[in-house]
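*Asks:* So you can see what is in the structure, the chains are spelled out below.
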Amino acid sequence: MNTVFSLWSSQKGRNLIVQLLMVAGFLGLVWWLVDNTVANLARQNVATGFGFLENNTGFDINQKLIAYDESSSYQRLLLVGLLNTAIVSVLGIFFATLIGFMVGLARLSDNWLVSKLAFLYVEIFRNLPLLIQILFWYVLLIEILPHPRNSFALGDMFFLNNRGLYLPWFTSLSGGNIVLWAIALFGVGWFFVSRQAQKRRELTGQKSSYTRHYFILGVIALAGYLSLWGVPFEPNLPALKGFNFRGGLSFTPEFVALLVALSLYTASFIAEIVRAGVLCVAKGQFEAAKALGLPTNVAMNKVIIPQAMRVIIPPLTSQYLNLTKNSSLAAAIAYPELVSVFAGTALNQTGQAVEIIFITMSIYLFLSLLTSFLMNIYNARVALVEK
Amino acid sequence: MNFLKWPGVKVSKVGLFSFVSFFLFLALAHLQSAKADTTLDLVKKRGELSCGVSQGLQGFSAPDDKGRWHGIDVDFCRAVAVAVLGDAEAVKIVPLSAKVRFTALQSGEIDLLARNTTWTMHRDTALGIQFVGVNYYDGQGFIVRKDIGVTNARELDGASICVNAGTTTELNVADFFRSNGMDYEISSYEKSEEAVAAYDAGRCDAYTTDQSGLYAQRQRLIDPDAHMVLPDVISKEPLSPVVRQGDDVWADVVRWVHYAMLNAEELGVNAQNVDKLQESINPSIRRLLGVEGAYGESLGLDNKWAARIIRKVGNYGESFDRNLGAGSQLKIERGLNALWSNGGLQFAPPIR
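Protein sequence lines correspond, in order, to chains A and B.
First residue of the first sequence? That's 1 in UniProt numbering, and the numbers climb one at a time after it.
First residue of the second sequence? That's 1 in UniProt numbering, and the numbers climb one at a time after it.
No lab work stands behind these hints: they were computed from the structure.
Accuracy of the hints is not assured; some may be wrong.
Derived SDA-like pairs (lysine to any residue); straight-line CA-CA distance at most 25 Å [claimed, not checked]: (1) K191/B with R46/B; (2) K64/A with K304/B; (3) K146/B with G242/A; (4) K191/B with S328/A; (5) K191/B with R286/B; (6) K241/A with I148/B; (7) K191/B with G242/A; (8) K191/B with M361/A; (9) K64/A with R46/B; (10) K325/A with S97/B; (11) K241/A with N127/A; (12) K241/A with S179/B; (13) K191/B with C280/A; (14) K146/B with R149/A; (15) K304/B with K146/B; (16) K241/A with S97/B; (17) K331/B with R68/B; (18) K276/B with R286/B; (19) K236/B with G181/B; (20) K236/B with E143/A; (21) K191/B with R310/A; (22) K191/B with L140/A; (23) K64/A with G202/B; (24) K241/A with K236/B; (25) K64/A with D157/B; (26) K241/A with R154/B; (27) K191/B with F358/A; (28) K241/A with T151/B; (29) K191/B with M300/A; (30) K64/A with T48/A; (31) K236/B with G58/A; (32) K191/B with K241/A; (33) K191/B with V260/A; (34) K191/B with K290/A.
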């Protein structure tokens, strides 16, 4: 008791005690919420716990990047949904950035028509609700495009109909996967080699031939493998069998509609962010670049954009996060992403709302924190370094 | 609340006060949550029944052009309301998607779920809900365009199928194709109208749901005559109203509302003759209408509960005819839903 009194008599001690009480209070609140929920669910005889993740789902979904069928578990379903969310988000971020930068720079163009078209684009796409846009593209795709039997075809290889877009693809034979991994590894190596090349150029001022040599080496290795063991791939062409096309690489109209809507919508915000970023760079920078004789595009790429990036990156991160979270609107058009298949169908089939919503929220939190983390690394690299 | 600041913490009186009251609040909330009324008491106190139905399935529950809801499920909601509250209009109709229906019931947002919901073992045992009695015996089927040249479900190998997400139909269709070694592509929509619209636009070769739903949805297609319902029935779908588990008093009320409507049909009591039959000498009718015995009181209602249901809503046969049968656009046969005495499955325990 004495120690408590002596603690209380000093400012620091009082602070400590109050802080501890606050922490205890917060933990108590969490405990109370969890305890209450569990007790109430038990009282209502609702199944609880995460055991259901092992059970088989009993239903199928129409886009899966990994093996999945009716006998797969809910765990597997979660992964399938997560991958579907991830693929549409990653591709959406890529296209939205591309379109956003083009439109944003176009808005700053001296050309009246280009500038006004970009203005029109931004005002249309950022002022319509995203759900309406998703439904618009989806209805457009399934209403306008023909039935599989009357598909638009390009040389018996490319097909477009209201069940999807079908492209020629390939199947790996034995050794095919090794070659694919080797090519991927080569790509990673390219990144390091080109960095070395740049370092050398900055150091010596001479152009280096590292990347050229690396490339030639890669081509020789590939050609050597192919001539020795043959091509380990086989073309896989889409063909009409019964009701639908089978084979090839296919994209469902749900996926295409969602990707188009997310990209165009987010691009309109990114365009404004890019414009703001460029306008933030002092005019003198551009004039100085011109005075040095740099052509406009070089001045833009080497002087203006790198400085604009410092302003662009933080709000751009928010847009990336928005895009990922907005992909959950896809439930309306039957695109099987995380919210639709897991927090929707799986929740209803198992009835375990609390657990499923908890898992889903944790995953979105993880995805968002991951995106923020990567963007923060990038931000730290482009940020102004004070000397 | 400057005591929240870190690390320069100072204890203020306001801070301490809010801190203490926060704990008092928690303690009070805990006491509050310990007491609970039965659903019957809650409904009586509120003066209104909150009833979950589908978002629009003709024959079961759908709004007309004036916004009034009709259908066999809506009739059931009104029957419960008139039995408990004496007013068939004291119902708050809550349209629910298939996905959220059980959560709405579990959380107490609705008192009763009458939403063409299939009675399955998993739902009955793991969701904390209770099915009270089958008010429609159904089975799952397919609807296709006539011009695709399919005459039965076995010919659907490789087809695209549109379905409402989170339903038993989604599971049955998977079972059907898997057990027959057939391939298919499924598109699961959040709402049934989205699934039907996608089917109508040609996104899918077939739309699947309960047979009754197929006939109802066909009316809403752009050209109903270009489509046909395949003869195959691939599942058993006993559709039943649902209540929360652990409230036996309320479950009894809802169950006996259904049985009262069946008994009324069996005894030939309907909306037209119910008042005249108060003087009937048939003891079964006298018990049903509360002239003899105290059957309503033992339910926690008054003895005229069943008479009110029949007067305002009608017996089971009347409700069926008006919404699904000969008196409706759907013209669905009674079939399995005929009374047991007519070769069907509808069989109610006697009131005695």
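*Asks:* Next step is simple, just say for each hint if it's right about the structure.
*Replies:* Results of checking the hints against the structure:
1. K191/B with R46/B: The given pair, whose Cα atoms are some 31 Å apart, is violated under the 25 Å limit.
2. K64/A with K304/B: 58 Å, violated
3. K146/B with G242/A: 16 Å, holds
4. K191/B with S328/A: The given pair, whose Cα atoms are some 15 Å apart, holds under the 25 Å limit.
5. K191/B with R286/B: Not satisfied, since the Cα-Cα distance of roughly 45 Å exceeds 25 Å.
6. K241/A with I148/B: With Cα atoms ~14 Å apart, K241/A and I148/B stay inside 25 Å; holds.
7. K191/B with G242/A: 28 Å, violated
8. K191/B with M361/A: Measuring from Cα to Cα gives roughly 23 Å; hence the hint holds.
9. K64/A with R46/B: 48 Å, violated
10. K325/A with S97/B: Roughly 22 Å separates the two Cα atoms, so the pair holds.
11. K241/A with N127/A: 43 Å, violated
12. K241/A with S179/B: 21 Å, holds
13. K191/B with C280/A: Judged against 25 Å, a Cα distance of about 47 Å means the pair is violated.
14. K146/B with R149/A: 15 Å, holds
15. K304/B with K146/B: 51 Å, violated
16. K241/A with S97/B: Between K241/A and S97/B the Cα gap is close to 35 Å, so the pair fails against 25 Å, i.e. violated.
17. K331/B with R68/B: 21 Å, holds
18. K276/B with R286/B: Holds. K276/B to R286/B sits at ~12 Å (cutoff 25 Å).
19. K236/B with G181/B: Holds, at about 21 Å.
20. K236/B with E143/A: 34 Å, violated
21. K191/B with R310/A: 45 Å, violated
22. K191/B with L140/A: 19 Å, holds
23. K64/A with G202/B: Since the Cα atoms of K64/A and G202/B sit roughly 22 Å apart, the hinted pair holds (cutoff 25 Å).
24. K241/A with K236/B: Cα-Cα ~32 Å, so violated.
25. K64/A with D157/B: Judged against 25 Å, a Cα distance of about 20 Å means the pair holds.
26. K241/A with R154/B: 16 Å, holds
27. K191/B with F358/A: Measuring from Cα to Cα gives roughly 24 Å; hence the hint holds.
28. K241/A with T151/B: Holds - the C-alpha atoms of T151/B and K241/A are around 18 Å apart, at most 25 Å.
29. K191/B with M300/A: 49 Å, violated
30. K64/A with T48/A: Outside the cut-off at roughly 28 Å; violated.
31. K236/B with G58/A: Holds - the C-alpha atoms of G58/A and K236/B are around 17 Å apart, at most 25 Å.
32. K191/B with K241/A: 30 Å, violated
33. K191/B with V260/A: With Cα atoms ~23 Å apart, K191/B and V260/A stay inside 25 Å; holds.
34. K191/B with K290/A: 59 Å, violated
Violation of the numbered hints given earlier is confined to hints 1, 2, 5, 7, 9, 11, 13, 15, 16, 20, 21, 24, 29, 30, 32, 34; the remaining hints are satisfied by the structure.
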